[in-house]
Amino acid sequence: MNDMSADSYVTEDGRTIGGVVMEMKNITLRFGGVVAIKDISFDIREGEIRAIIGPNGAGKSSMLNVISGFYKPQEGEVMYRGEKRPPMKPYQVAQQGIARTFQNIALFDGMSVLDNIMTGRLNSMNASLLSQAVWWGKAQKEEFENREKVEKVIDFLEIQAIRKTPVGRLPYGLKKRVELARALAAEPSLLLLDEPMAGMNVEEKEDMSRFILDVNDEFGTTIALIEHDMGVVMDLSDRVVVMDYGKKIGDGTPDEVRNNQDVIDAYLGVAHD
Amino acid sequence: MLYREAGDFKTSYQKDSQTFPLKFDRMGYWTVMVVAFLVVPFVINDYWANAVAVPFLIYAIAALGLNILTGYAGQVSLGTGGFMAVGAYACYKLMTMFPEVSMLVHVVLAGGITALVGVLFGLPSLRIKGFYLAVATLAAQFFLVWLFNKVPWFYNYSASGQINAPERTVFGIIVTGPNTEAWAKYLFCLIFVVVLAWIARNLTRGMTGRKWMAIRDMDIAAEIIGVNPLMAKLTAFAVSSFFVGIAGALFFSIYLGAAEVGEAFGIQKSFLILFMIIIGGLGSIFGSFAGAAFMVLMPVFLKNVLVGGLGWPTDLAAHLEFIIVGGLIVVFLILEPHGLAQLWRLTKEKLRLWPFPH
Amino acid sequence: MPDQLLFAIEVTMNGLMAGVLYALVALGFVLIFKASGIFNYAQGVMALFAAMTLVGIQNGQVPFAHLINAVFGTEVHHFGWHVPAILAILLTACVMVLFAWIVERYVLKHLVGQPDIILFMATIGLAYFMEGFGDLMWGADIKKLDVGLPQGGSFWLEENTAWLGGEGFYGFFIDKLDMVATVVAAILVASLVAFSQYTKQGRAMRAVADDHQAALSVGVSLRFIWVLVWSLAGFVALVAGIMWGAKSGVQFSLSLIALKALPVLMLGGFTSIPGAIVGGLIIGVGEKLFEFLIGAPFLGGATENWFAYMLALLFLVFRPQGLFGEKIIERV
Numbered sequence: 001m002n003d004m005s006a007d008s009y010v011t012e013d014g015r016t017i018g019g020v021v022m023e024m025k026n027i028t029l030r031f032g033g034v035v036a037i038k039d040i041s042f043d044i045r046e047g048e049i050r051a052i053i054g055p056n057g058a059g060k061s062s063m064l065n066v067i068s069g070f071y072k073p074q075e076g077e078v079m080y081r082g083e084k085r086p087p088m089k090p091y092q093v094a095q096q097g098i099a100r101t102f103q104n105i106a107l108f109d110g111m112s113v114l115d116n117i118m119t120g121r122l123n124s125m126n127a128s129l130l131s132q133a134v135w136w137g138k139a140q141k142e143e144f145e146n147r148e149k150v151e152k153v154i155d156f157l158e159i160q161a162i163r164k165t166p167v168g169r170l171p172y173g174l175k176k177r178v179e180l181a182r183a184l185a186a187e188p189s190l191l192l193l194d195e196p197m198a199g200m201n202v203e204e205k206e207d208m209s210r211f212i213l214d215v216n217d218e219f220g221t222t223i224a225l226i227e228h229d230m231g232v233v234m235d236l237s238d239r240v241v242v243m244d245y246g247k248k249i250g251d252g253t254p255d256e257v258r259n260n261q262d263v264i265d266a267y268l269g270v271a272h273d
Numbered sequence: 001m002l003y004r005e006a007g008d009f010k011t012s013y014q015k016d017s018q019t020f021p022l023k024f025d026r027m028g029y030w031t032v033m034v035v036a037f038l039v040v041p042f043v044i045n046d047y048w049a050n051a052v053a054v055p056f057l058i059y060a061i062a063a064l065g066l067n068i069l070t071g072y073a074g075q076v077s078l079g080t081g082g083f084m085a086v087g088a089y090a091c092y093k094l095m096t097m098f099p100e101v102s103m104l105v106h107v108v109l110a111g112g113i114t115a116l117v118g119v120l121f122g123l124p125s126l127r128i129k130g131f132y133l134a135v136a137t138l139a140a141q142f143f144l145v146w147l148f149n150k151v152p153w154f155y156n157y158s159a160s161g162q163i164n165a166p167e168r169t170v171f172g173i174i175v176t177g178p179n180t181e182a183w184a185k186y187l188f189c190l191i192f193v194v195v196l197a198w199i200a201r202n203l204t205r206g207m208t209g210r211k212w213m214a215i216r217d218m219d220i221a222a223e224i225i226g227v228n229p230l231m232a233k234l235t236a237f238a239v240s241s242f243f244v245g246i247a248g249a250l251f252f253s254i255y256l257g258a259a260e261v262g263e264a265f266g267i268q269k270s271f272l273i274l275f276m277i278i279i280g281g282l283g284s285i286f287g288s289f290a291g292a293a294f295m296v297l298m299p300v301f302l303k304n305v306l307v308g309g310l311g312w313p314t315d316l317a318a319h320l321e322f323i324i325v326g327g328l329i330v331v332f333l334i335l336e337p338h339g340l341a342q343l344w345r346l347t348k349e350k351l352r353l354w355p356f357p358h
Numbered sequence: 001m002p003d004q005l006l007f008a009i010e011v012t013m014n015g016l017m018a019g020v021l022y023a024l025v026a027l028g029f030v031l032i033f034k035a036s037g038i039f040n041y042a043q044g045v046m047a048l049f050a051a052m053t054l055v056g057i058q059n060g061q062v063p064f065a066h067l068i069n070a071v072f073g074t075e076v077h078h079f080g081w082h083v084p085a086i087l088a089i090l091l092t093a094c095v096m097v098l099f100a101w102i103v104e105r106y107v108l109k110h111l112v113g114q115p116d117i118i119l120f121m122a123t124i125g126l127a128y129f130m131e132g133f134g135d136l137m138w139g140a141d142i143k144k145l146d147v148g149l150p151q152g153g154s155f156w157l158e159e160n161t162a163w164l165g166g167e168g169f170y171g172f173f174i175d176k177l178d179m180v181a182t183v184v185a186a187i188l189v190a191s192l193v194a195f196s197q198y199t200k201q202g203r204a205m206r207a208v209a210d211d212h213q214a215a216l217s218v219g220v221s222l223r224f225i226w227v228l229v230w231s232l233a234g235f236v237a238l239v240a241g242i243m244w245g246a247k248s249g250v251q252f253s254l255s256l257i258a259l260k261a262l263p264v265l266m267l268g269g270f271t272s273i274p275g276a277i278v279g280g281l282i283i284g285v286g287e288k289l290f291e292f293l294i295g296a297p298f299l300g301g302a303t304e305n306w307f308a309y310m311l312a313l314l315f316l317v318f319r320p321q322g323l324f325g326e327k328i329i330e331r332v
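Chains as they are written, first to last, in this note's numbering: chain U, 1 to 273; chain X, 1 to 358; chain C, 1 to 332.
Simulated pairs of lysine to any residue, SDA-like, Cα-Cα distance not exceeding 20 Å: (1) K152(U) to Q14(X); (2) K129(X) to F324(C); (3) K10(X) to Q140(U); (4) K164(U) to F20(X).
Rather than coming from a laboratory, the hints here were simulated on the basis of the structure.
Construct the entire structure; sequences and hints are all you get.
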């Protein structure tokens, strides 16, 4: 870790970006004959906001699923904190401090907002079944300690009023926010956001951007996000990976990517300008 | 005294997570408890105990158990009858092997043994989902019934193949066998119901319950945020089977007294319990009680009205029962998938706002 | 040839015949599942109901006689006529179509978009309803079903195979009814496949099975297809009801064949017609042979009660999509 922190730097707005936390090395993922990701490598550094962009079907969500351990790539390695990550179940990946949100909101519809966010704390709660069954001792203590942390997240994201509402009844924008709250409650060291602003109006997008920046700024959380809205991506992120048809066609700061000819041809050029 | 939460401020998380947030509900709960423990035992007679109270209490336990598995953890089981049989036969073997030991111990141990069997049959749930799993649980149902039918050791080599509950006691009070008094049967079951309902409530409001519900609502997302699916499902199978096993032990030893496995614990029993939680309310503890009460009372009611009142033949009443139960299942699934419990909740919601509904 | 081996062959042949009947019931499941994603638990009760209705119509029974007599104190039982088998079968088929329409109108329409498991439980409710309704309409007594199918063992086969074995072997015993059932099932399957491949309605049916939304957008009427599919399933139930009814009488246990069809489906995959057939044959042969070789000699018999489920359970643990089902790629 020491040698990596050597190349840490300070951004214009005064945040410190550290060494490499996660590195994807030559990842290839296939479904039968379809190649979803082809030989992609990139890294994510401590404290940065890293964006993955690309047109529909470029393999962005598949990449996030590889990081989550949900898809197992046929080739390549995932390095986490300098070490090769052994084959893992998704829940083990979560236990390592990687939390995420989903493209099509994946909240637990039958539970209240509070309970949904509480599930984010499950990796730090380990009272025995017996203790929970009698609601005594460790189980109760743990419940209230973690409830306090969850309340802080609720305050942070300004969703106090809907605490006890069943999630199924919430409008889309609030659901997205609750999902972010659930991921934040886990106090992750790496936060993956799959299209956090998809389907939102301008105002909601502004709110969400502010939350993402605040999370990164206040807690120093490393964030990797997928987003379609180019404007938002360029404003938010420190570095950007561009994917197209499962291949990486660009990687660098927003300015570098913006001026990359391949990217302009494949993506930006088609989209506008 | 109005049904209001105004003025009833919660000043700690402890208070905020209590079972009955409203004072009115808490009073209602304690009233029910006082009546159940201090009034009913003195007035209950054999008819009420055998036709209504004891079956209701036992089915409530079974429904709680299945509701944990199906309503909370989302794993549909059609093997409830088979697991009840495990509880019953475990209890029978324990009763005959250790006659001096208190019935309390036997029943709890029977639940524990059933929990182990439940975990065994729960193992495939990691790979098999939805109604595939429901069908797989039929394997447990049919295999277990066959096992208790074919292996004489389980029924102590009795000529009839039946098991008969010998006389056993708790603190010197007879609770099984023909000489048991109505109040003793009732109280024995009531104690189990109250303790188990309390445990079910505690588990479902804590992290275990959240993991179950997360698996139920979206299993893939649950795993990605850190729920170990196998552990979550197996704890659900274990706790659920523990409840169902206790219900089976009580059903045989306290309620029936003698049992033949195919008749007492066949596939029909599995459906009966499933119907209780559908009508009562999936994922609701109150619903388990409501469903059990409904399914116990309806046949009694039909019989009294149609056979006793109108003089119809009993088989007609039985056919009508099928039609009503089947029809109600469909109606509830269409109109109110959360069952009687949801109707109750909506009524309370209205009451809270009454008389100014907006 | 040693007698033991000959007996094993006989058991296998009987297993194949039983398997054909399982496959027949399973086919009804597959039809409905493919077109509507509904796992229709009521399929077995539909077979029972169809058989009861057929017998009732044939014998001129008065529907709801028991209820009418109880309410009005009358003594009506029969109209006093007998309906020819063919006409009765046609009338019963009409009843099953009517039933399909009612189910679509009053149940399915209201459950569109619900989770599979809710739909499954709804069909359990439907099964209970139909069972009570059938009993109320036609009475719960065991009925004899006779539409003129040949019964009893085939002497010709027995006489001509006796020479294969020694003293203890009297030739293969195979029920003529089972042979008829095999032929009928084969014809039914062939015509269903032809129907779904070569007719307009059949194509619409397959379109719906593939993708509800897409089918709707090209103008296929979902509701019509559902009525069609449930009618077909009702027709399959009628055929299965006739075969099983003729074999062992029309009674409650007939509805339990639905339970036997479930492991067949788990083995064959819920969406595959060939799967239902192969699965049926495997279960039919498997359970008969297991009982003959292991169950009866070593386990005290009656292993047919659970063998199919255990087989399906073990199988599914290793191949959750069944023999012919499509592999599911999970996404988030």
